[in-house]
Amino acid sequence: MKPKTAGKTMTGAGILWECIEREGVKDVFGYPGGAILPAYDALKHSKIHHILVRHEQGATHMADGYARASGKVGVAVATSGPGATNMVTGIATAMLDSSPIVCITGQVGSKLIGSDAFQETDITGVTLPITKHNYLVTHANEVARTIREAFYVAKSGRPGPVLVDITKDAQQTSAEFDWDAAKPQLPGYRPDLSPEQKEYEQALDLIHNSKRPVILAGHGIIISGAMQEVRDFAERAGIPVALTLLGIGAFPAAHPLNLGMMGMHGEAWVNHTIQEADLLLAFGMRFDDRVTGNLKTYAPNAKKIHIEIDPAEINKNVKVDVPLVGDLREVLHQLLPHVESIDRSEWLDCIDKLKGDSAVRDIQNLPDSGHLYAAHVINDLWRETRDGDTIIVTDVGQHQMWEAQYYKHEKARSLITSGGLGTMGFALPAAIGAKVARPEAEVWVVVGDGGFQMTLCELATIVQEKLKVNIAIINNGFLGMVRQWQEFFYERNYAATPLLNPDFAKLGEAYGIRSMTVSERSQVIPSVRAAREHDGPVLINFKVEQEDTVYPMVAAGASLHEMIRRPSKIVETAADE
Amino acid sequence: MMNTFVVYVENKPGVLTRVASLFRRRAFNIDSLTVGRTEKPEVSRMTITAEADQDQARRIEANLYKLVNVLLVENITHEPSIVRDLAMIKVAATHEARSHVLELASVFRARVVDVAADSLTIEITGAEDKIDGLLEVLRPYGVLEMVRTGIVAMRRGKNTISPATAIHGELDIAEDDVSQSV
Ligand SMILES: Cc1cc2nc3c(=O)[nH]c(=O)nc-3n(C[C@H](O)[C@H](O)[C@H](O)COP(=O)(O)OP(=O)(O)OC[C@H]3O[C@@H](n4cnc5c(N)ncnc54)[C@H](O)[C@@H]3O)c2cc1C
Ligand SMILES: Cc1ncc(C[n+]2csc(CCOP(=O)(O)OP(=O)(O)O)c2C)c(N)n1
Ligand SMILES: [Mg+2]
Numbered sequence: 001m002k003p004k005t006a007g008k009t010m011t012g013a014g015i016l017w018e019c020i021e022r023e024g025v026k027d028v029f030g031y032p033g034g035a036i037l038p039a040y041d042a043l044k045h046s047k048i049h050h051i052l053v054r055h056e057q058g059a060t061h062m063a064d065g066y067a068r069a070s071g072k073v074g075v076a077v078a079t080s081g082p083g084a085t086n087m088v089t090g091i092a093t094a095m096l097d098s099s100p101i102v103c104i105t106g107q108v109g110s111k112l113i114g115s116d117a118f119q120e121t122d123i124t125g126v127t128l129p130i131t132k133h134n135y136l137v138t139h140a141n142e143v144a145r146t147i148r149e150a151f152y153v154a155k156s157g158r159p160g161p162v163l164v165d166i167t168k169d170a171q172q173t174s175a176e177f178d179w180d181a182a183k184p185q186l187p188g189y190r191p192d193l194s195p196e197q198k199e200y201e202q203a204l205d206l207i208h209n210s211k212r213p214v215i216l217a218g219h220g221i222i223i224s225g226a227m228q229e230v231r232d233f234a235e236r237a238g239i240p241v242a243l244t245l246l247g248i249g250a251f252p253a254a255h256p257l258n259l260g261m262m263g264m265h266g267e268a269w270v271n272h273t274i275q276e277a278d279l280l281l282a283f284g285m286r287f288d289d290r291v292t293g294n295l296k297t298y299a300p301n302a303k304k305i306h307i308e309i310d311p312a313e314i315n316k317n318v319k320v321d322v323p324l325v326g327d328l329r330e331v332l333h334q335l336l337p338h339v340e341s342i343d344r345s346e347w348l349d350c351i352d353k354l355k356g357d358s359a360v361r362d363i364q365n366l367p368d369s370g371h372l373y374a375a376h377v378i379n380d381l382w383r384e385t386r387d388g389d390t391i392i393v394t395d396v397g398q399h400q401m402w403e404a405q406y407y408k409h410e411k412a413r414s415l416i417t418s419g420g421l422g423t424m425g426f427a428l429p430a431a432i433g434a435k436v437a438r439p440e441a442e443v444w445v446v447v448g449d450g451g452f453q454m455t456l457c458e459l460a461t462i463v464q465e466k467l468k469v470n471i472a473i474i475n476n477g478f479l480g481m482v483r484q485w486q487e488f489f490y491e492r493n494y495a496a497t498p499l500l501n502p503d504f505a506k507l508g509e510a511y512g513i514r515s516m517t518v519s520e521r522s523q524v525i526p527s528v529r530a531a532r533e534h535d536g537p538v539l540i541n542f543k544v545e546q547e548d549t550v551y552p553m554v555a556a557g558a559s560l561h562e563m564i565r566r567p568s569k570i571v572e573t574a575a576d577e
Numbered sequence: 001m002m003n004t005f006v007v008y009v010e011n012k013p014g015v016l017t018r019v020a021s022l023f024r025r026r027a028f029n030i031d032s033l034t035v036g037r038t039e040k041p042e043v044s045r046m047t048i049t050a051e052a053d054q055d056q057a058r059r060i061e062a063n064l065y066k067l068v069n070v071l072l073v074e075n076i077t078h079e080p081s082i083v084r085d086l087a088m089i090k091v092a093a094t095h096e097a098r099s100h101v102l103e104l105a106s107v108f109r110a111r112v113v114d115v116a117a118d119s120l121t122i123e124i125t126g127a128e129d130k131i132d133g134l135l136e137v138l139r140p141y142g143v144l145e146m147v148r149t150g151i152v153a154m155r156r157g158k159n160t161i162s163p164a165t166a167i168h169g170e171l172d173i174a175e176d177d178v179s180q181s182v
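Protein chains in written order, with this note's numbering: chain A, 1 to 577; chain C, 1 to 182.
Please note that the accuracy of each hint is not assured.
What the hints assert, rightly or not - In silico lysine-lysine, DSSO-like type, Cα no more than 30 Å apart, as pairs:
1) A:K44 <-> A:K26
2) A:K408 <-> A:K72
3) A:K316 <-> A:K353
4) A:K72 <-> A:K26
5) A:K72 <-> C:K66
6) C:K158 <-> A:K319
7) C:K40 <-> C:K66
8) C:K66 <-> A:K183
9) C:K66 <-> C:K130
10) A:K72 <-> A:K466
11) A:K183 <-> C:K12
12) A:K466 <-> A:K408
13) A:K26 <-> A:K468
14) A:K198 <-> A:K296
15) C:K66 <-> A:K296
16) A:K183 <-> C:K40
17) C:K12 <-> A:K8
18) A:K111 <-> A:K72
19) A:K198 <-> A:K183
20) A:K353 <-> A:K296
21) C:K66 <-> A:K316
22) A:K296 <-> A:K355
23) C:K12 <-> A:K111
24) A:K26 <-> A:K211
25) A:K198 <-> C:K66
26) A:K355 <-> A:K468
27) A:K44 <-> A:K211
28) C:K158 <-> A:K198
29) A:K468 <-> A:K411
Don't read these hints as lab results, they were simulated from the structure.
In this text the structure is predicted, and so the values were computed from the model without any measurement.
Same shape as in the complex, but just chain A (with noise of 0.2 Å):
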């Protein structure tokens, strides 16, 4: 316990600072400027740890990748004008995944608000529909209270990102600074709901009546902590699990419950058995239109009960005959007693039939045929660090399809990607935070040649942090995944997205990293072994097949089981050489 303040007197950037370490925190992600200069200054009577960015968007995705990886809140920091508005993309970002990040960014004095002063941004205007809540803070004596709301309210209910601006004076001047007495007031804020017993009961009944269910496991599941909740539901009642993409990890891949990824790239018996099921149990996802595919076709003839914390996801895309809001976790240990073991191995049998057919996209069965694919080179990096505390970070793309169908994930909070913006740029950085907030855990990124360009000056703050990240860039020369859309929907015209790519490797070395070139599938291993070993950081440059694509594909607005497969030729054609 820290000590009581009352009666103690600091500027509004002592107090930050003073604020935030009582919430916990020991590192921050920021870039200086004039508007928050103040708050740099104080920096040094405190114990907080601050990570030099070389982008402000870097620092948001660094703060979010803190959060992702451990749960807690991470804070990101920046100055007024362009560097607060450099952080929209990652607080867009936070804001689609549930990620709770906290910004701060510096504001011109509160005597020139609205006088287009020098790096005047209205930023609480500008983040007011992609933040959970924002805040103006203009005086000293607001501080304390507004930091412990901000990380209340990002944290608590659906997590998500708060930005708290600080006009330049409020961080200059001085006010009491009294943390009890500076208690969150959120009279209208309710993030603790539970369902009515009624609903429960009706839940029950269509649990105990179904013959065909699947449970559709969400993102919501790792933001509970709900995975052993989740694994015993499914287990006492002998129901299968499909995941979402932010849900891989909240259950097991090598368990024999786990069907795989649903949805657009997911797996296609995932995607029959989803629509010839009779009951669907949504646990904390939000029924994507990534997952679902058309509307009207899906799932036609499966009662739905959603498990959601947030009532404004009730009936938005998909209409539920039982809702049960609340926290996944609280709402599983209430019916958890209540749930009877049911055989169901016919459901079962009959999936395991579906899968039958489906599995022959398998390509880590292939023989080497000279070509090196971005699913060899997932595959045998899950291969060699599936045994330890990994964690990795993807970017968005055909590399991020490929790892979630080719990386096995055991583990809650071992894969970190963006899903709901699909924000390239996003991989490098995250995995920065990924790192500081879990420094024992061995940390990947998988990133395309094309993402990797967006945010690879963070490459620098890698070596200045002297952290040990390990980067594998899946280098198809294109910018894949839209590549495959124009090979599907666009006649092959491959309109901007061919790459001229620089020397990924000599870029590295540039920056200290040691770095190396593979393109050859006997390589792989050898060269994630070398990373591994290695005490520092290291950059793979994966020189992989250029026109390769991801199978299966529920195109948009397709029904999903309407998914366009591997062409067998190719299939055969490979299996033949």
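Based on the hints, put chain C with the ligands in the right spot on chain A.
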């Protein structure tokens, strides 16, 4: 159908923007929005009307609750309630038309609040259709200018929505909720 929401919010700068922005962002159209003080200085009361089916109305309510500064939301569309709009209508009224206009105003229980050489200004309070009705009959005389407040609404009888009920008790924040030290 048109839905009527009564919304209590914290009386803080920017709250109106947050509410308005929410409707825009979720692609719901505000038909009318009024806001004013309540008997508690820290609380403001809004009456919002918007076109929405039953399910959309429920989502509007849930989304409003997600705004940290929103204290209480009630959809009173299907509740017995009193709904009032206030309008001031400036009508061209030449000498011969004047008595007709005055007569119409009194039929609608409207008041004349300003008289000029060739115009009358009429103030009317009532449900929206009553005001629409008066407007309709005044139109032939020439409506020169008009302003309407948008509706305010209140439930009838003992079903009271007061700002006091809107303010929750103190948040019960467990120490480990706010502190992340592990
Ligand atoms: C190129 C690309 C392709 C993609 N393809 C796919 C795909 O094929 N399949 C796929 O699944 N996704 C895919 N995605 C990701 C997709 O866009 C969504 O981000 C993802 O489906 C969302 O997963 P979610 O609903 O589990 O997580 P979120 O969007 O994070 O939603 C979590 C839900 O849980 C709720 N929640 C939070 N805390 C709790 C709690 N304590 N208790 C209860 N509920 C809680 C939240 O309110 C929210 O509704 C793709 C993304 C990209 C960029
Ligand atoms: C910031 C941003 N801009 C554009 C896009 C659209 N987009 C989605 S995937 C993709 C291609 C990614 O290419 P690359 O990083 O090389 O990965 P690959 O798909 O080749 O694995 C693009 C441009 C995006 N998601 N994010
Ligand atoms: Mg690429």
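Here's how the hints hold up against the structure:
no. : hint              : in the structure
1   : A:K44 <-> A:K26   : holds, 14 Å
2   : A:K408 <-> A:K72  : holds, 25 Å
3   : A:K316 <-> A:K353 : violated, 33 Å
4   : A:K72 <-> A:K26   : holds, 11 Å
5   : A:K72 <-> C:K66   : holds, 21 Å
6   : C:K158 <-> A:K319 : violated, 35 Å
7   : C:K40 <-> C:K66   : holds, 22 Å
8   : C:K66 <-> A:K183  : holds, 21 Å
9   : C:K66 <-> C:K130  : violated, 35 Å
10  : A:K72 <-> A:K466  : holds, 22 Å
11  : A:K183 <-> C:K12  : holds, 18 Å
12  : A:K466 <-> A:K408 : holds, 29 Å
13  : A:K26 <-> A:K468  : holds, 19 Å
14  : A:K198 <-> A:K296 : holds, 29 Å
15  : C:K66 <-> A:K296  : holds, 28 Å
16  : A:K183 <-> C:K40  : holds, 22 Å
17  : C:K12 <-> A:K8    : holds, 28 Å
18  : A:K111 <-> A:K72  : violated, 35 Å
19  : A:K198 <-> A:K183 : violated, 36 Å
20  : A:K353 <-> A:K296 : holds, 26 Å
21  : C:K66 <-> A:K316  : holds, 14 Å
22  : A:K296 <-> A:K355 : holds, 25 Å
23  : C:K12 <-> A:K111  : holds, 19 Å
24  : A:K26 <-> A:K211  : violated, 50 Å
25  : A:K198 <-> C:K66  : holds, 25 Å
26  : A:K355 <-> A:K468 : violated, 39 Å
27  : A:K44 <-> A:K211  : violated, 63 Å
28  : C:K158 <-> A:K198 : holds, 28 Å
29  : A:K468 <-> A:K411 : holds, 21 Å
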